[in-house]
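One line per chain: the protein sequences are S and R, in this order.
So in our numbering, spot 81 of the first sequence is number 81, and the numbers just go up one at a time.
So in our numbering, spot 30 of the second sequence is number 144, and the numbers just go up one at a time.
Hint data in this document are derived by calculation from the structure and do not stem from the laboratory.
Glycine included, C-beta positions come from ideal geometry on N, C-alpha and C.
Worth double-checking, as some hints may not be accurate.
Stated by the list, open to error - Derived DSS-like pairs (lysine-lysine); straight-line CA-CA distance at most 30 Å:
| id | chain 1 | residue 1 | chain 2 | residue 2 |
| --- | --- | --- | --- | --- |
| 1 | R | K217 | S | K18 |
| 2 | R | K117 | S | K65 |
| 3 | S | K57 | R | K130 |
| 4 | S | K57 | R | K217 |
| 5 | S | K71 | S | K57 |
To be verified - Just a few of them, taken from the derived set where beta-carbon distance is under 8 Å, the chain S residues facing chain R:
| id | residue |
| --- | --- |
| 6 | Y31 |
| 7 | L43 |
| 8 | Y48 |
| 9 | G58 |
| 10 | Y64 |
| 11 | S67 |
| 12 | Y103 |
| 13 | F105 |
| 14 | R110 |
| 15 | T112 |
Unchecked claim - Counterexamples of contact, computed for chain S against chain R with all Cβ distances above 10 Å:
| id | residue |
| --- | --- |
| 16 | T15 |
| 17 | Q45 |
| 18 | E79 |
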Amino acid sequence: EAQVTQNPRYLITVTGKKLTVTCSQNMNHEYMSWYRQDPGLGLRQIYYSMNVEVTDKGDVPEGYKVSRKEKRNFPLILESPSPNQTSLYFCASTAWGGQGYGYTFGSGTRLTVV
Amino acid sequence: AQKITQTQPGMFVQEKEAVTLDCTYDTSDQSYGLFWYKQPSSGEMIFLIYQGSYDEQNATEGRYSLNFQKARKSANLVISASQLGDSAMYFCAMRDRMDSSYKLIFGSGTRLLVRP
């Protein structure tokens, strides 16, 4: 089954404790990206990657890092999480062109930073 | 700047009836794509339907159809024969083909509740 797999689904952590949210897709998509969803602010892009070793900042990259060492994986790293990073996070992927293809989203990671 | 507007925060529909969810967009570009996503209470984002700005026909996917009126910059989602499982948040989104970030711009969403 074609899918984007995110782990974990739920995570509660403490301020400053480094964490990684994993994202893996099995569709051989070149493009992957991360979004966060917050009430009243909607979904905003954090980082994106056009292909292996090619990443760039989205609209809200502060406090996050990413890497794309393999085509299928695109982890999101929070080096020193803070409470304002409490959010629902989505990883998404699509094939080149994107048009005509829905961006496939992962199931989401609900992160709480206390 | 590109913007998606969904003016209906919440809507009710009777089971088996059709419902239209409104979406208007703002862009100065000629080449763009429009998407609708469903977000049930479990949180995942489910792709429903896509319309390209140059597509002459309105998109359809099963019970979902997109009423695309380019001149009015609207891309309304029509759900026919509503089912209880259609109760969810629905988001309209747009991607500008000239935007190298491939970013999706989302609207604020419409919460649909299907009554039995």
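Could you tell me which of the numbered hints above are not met by this structure, giving the numbers in increasing order?
Numbers 3, 10, 11, 15, 17, in rising order.
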